[in-house]
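**Q** Take the given structure of chain X and dock chain W to it, following the hints.
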Amino acid sequence: MKKRQVSDESLNRIIKYLVITLLGFAIIFVAIQFNDFWSWILSAIKSVIVPVGLAYLIALVVFPFIKYLEKIGIGPRFVPVLIVFILTGGLIFIAVKYLAPSIVDQITNFFNRDFQTIIVYFQTDLRDDFIFGTQIYDQISNYVAETDIINTTLDTMIPNLIGSLTSSLLPILTTTLLLPILLIFYLLDYEMISEKMRTIIPARYEKDVAELGSRLNKTVGSYLRGQIMLMIMLGFVASVAYKAIGLKYWLVFGVLVGVTNIIPYFGMIIAAVPPTIYAMIASSGPGPLMVLGLNAGLQFLEGNFLQPYIMGKNLSLHPIVVIMSILFFGSLLGAVGVILASPIAASIREFYLFLRQRKKVQRQQAMSEAEPS
Amino acid sequence: MIKKERPKIYSQFEISVILFYLSMIFFTPVVLVFTYVFEVDQTLNINTFMFWVLMSNCFAMLLGSVMLAFSKESLRRIVKPTYRVEYIYLLILFMFGLLGFVVLYDYMGGDRAYIANIIVVLLAGFVYTLMYLGRKYFKFDYMRKK
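Protein chains in written order, with this note's numbering: chain X, 1 to 373; chain W, 1001 to 1146.
None of these hints come from the bench; they were simulated from the model.
Accuracy of the hints is not assured; some may be wrong.
What the hints assert, rightly or not - Chain W residues, not near chain X, derived (Cβ > 12 Å throughout):
(1) S1011
(2) I1025
(3) V1120
To be verified - Residues from chain X shown here face chain W by an in silico Cβ test under 10 Å; the list is partial:
(4) L99
(5) V104
(6) K243
(7) G246
(8) Y309
(9) Q357
Claimed, not checked - Cβ-Cβ distance ranges computed for the label pairs, FRET-style:
(10) X/S214 / W/N1047: 51 to 61 Å
(11) W/N1045 / X/A100: 19 to 29 Å
(12) X/L126 / W/N1047: 41 to 51 Å
(13) X/L82 / W/N1045: 31 to 41 Å
(14) W/V1120 / X/I193: 49 to 59 Å
(15) X/L42 / W/F1020: 47 to 57 Å
(16) X/R356 / W/A1113: 20 to 30 Å
Given the structure is predicted, the values throughout are model-derived calculations rather than measurements.
Built from N, CA and C at the ideal position, the CB exists for glycine as well.
Excised from the complex, chain W in its bound form:
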């Protein structure tokens, strides 16, 4: 008899690792989104600003990694049937991250005529990643009918 493979249940530790490292990847772009709206580039040198944001990003990543390593055992003991709140956080992070990459492209002097194309390509990639992560790790199948 062929046994049906049970889906693996992931603990809060795995979910926290995913959320933390994705937050770190999107950290600089998300900060840039806010600088874009508040037009920080008109008062500060954006290159210097970006350098300091990247430095803070690296520092936060180191600190967060150490904290994750320390709380590994306690987080492993927490298991939820679905990670709804965490998934919503991921949704918002991806949304601002998408905008952040567009802002980064604009700051780097890219042609604005291609922004729509970039958004479409990035959006497709992000939606696929979100659905994959939701289905596999967060036990949150977006495509399933309610």
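Chain X with its partners taken away, still in its complex shape:
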């Protein structure tokens, strides 16, 4: 049997790739030796990226409104920007003046009145109500008592939490102060910034990159706008519905529904747990089934009526894709990853669709050129 020969060309290519891989590993190895230096550089980049990125995301949400104001004749640019800032300031003022005191009141009342009842319930009455039987309850409580798991977890968790909070306090403060200023400049020169960024790109790729950029901007922008709208609406609806059925701490639970709605699918489940447990323990107010039913109704309303039409078709990803992206980006980037999982997945899909479309166009062009005239 004749042995298959490897051509010189293939051999050269294999050697080239091997050398590149080895060089890559060598570079990584050398880079690891300067860990402190890289973390110093990364933290500097992070301190720039976070406020600028946030300003960019907020600009994506706000810019269509500014464009609309300009379209109806309100100009020059600084006037619509000023209107947006005044409106936002007004909304923040109303929230802080009227909603925040009620939320603080409800939380204080909860810790002053009901928290003790809940603790007593977990220590005494839960044993009789435990759905898996008293035997399993005893085994669990013995395990908890023997391992002292609650105290150990709290002892490690609380100092870590306090440490991370204090270390992130200064960056948060800086970002909060910088954000409005950055946003003003970003909104005033939105088109000019995009144009300047286009000039950096080589002329060969300029058209493609501009097209892809505008598509990604549209996807992320529509996701953010839709998500903010859904969060406010669902938080509002849940608060009113909780109050109407007579649930105590309705505002806190309603706000929880709105905030957790940022996490697709899991958010509503997370938000349903505290009011249901509270309804189970509380002596007055609606029963847990009613609270659970209300949350299920809200989930149905959101999933079937609001989200498909408010978010639009750009973000109609399959639930499995969304859940997978939440798990992946959640473990990669933490809480930020969980929040941004859906727009990132939608952007990746948009990128893939763009590449496929571009390839198709190139193939068609090549075929038309090859055809004899």
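**A** Below, chain W alone, put in the same frame as chain X:
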């Protein structure tokens, strides 16, 4: 040969009329939803407040009707294949309207034990109306598979 009847295409004027009068019907309940969350009833007399809201509602209705009559011809010239944005507005309006009627029931001293029943009955009616309006006027068939 039996001719298949073509579905009628409605102009922006008809859609605006539907949206405007539905907004006016839901105006008072929607305002009440906001007063409920901000607990205005604890600082103001809710009956007086409701009276003024109803007065403003009537005034807005008169003003809007006149404006609609004036812009009738220009609106008639606008025709869209589907009225998606308008339908989303209707969805949100019905959602807050539903809550508003529940709040109105609560303000009028109704028994809270029946609130769930009221929500279910109103929801069924609202969903039917939404689907009917969507299919017939907004060219937006909700039940159609994507």
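**Q** For a quick check of understanding: which of the numbered hints are violated here, in increasing order?
**A** Hints 3, 5, 9 and 16 contradicted; others consistent.
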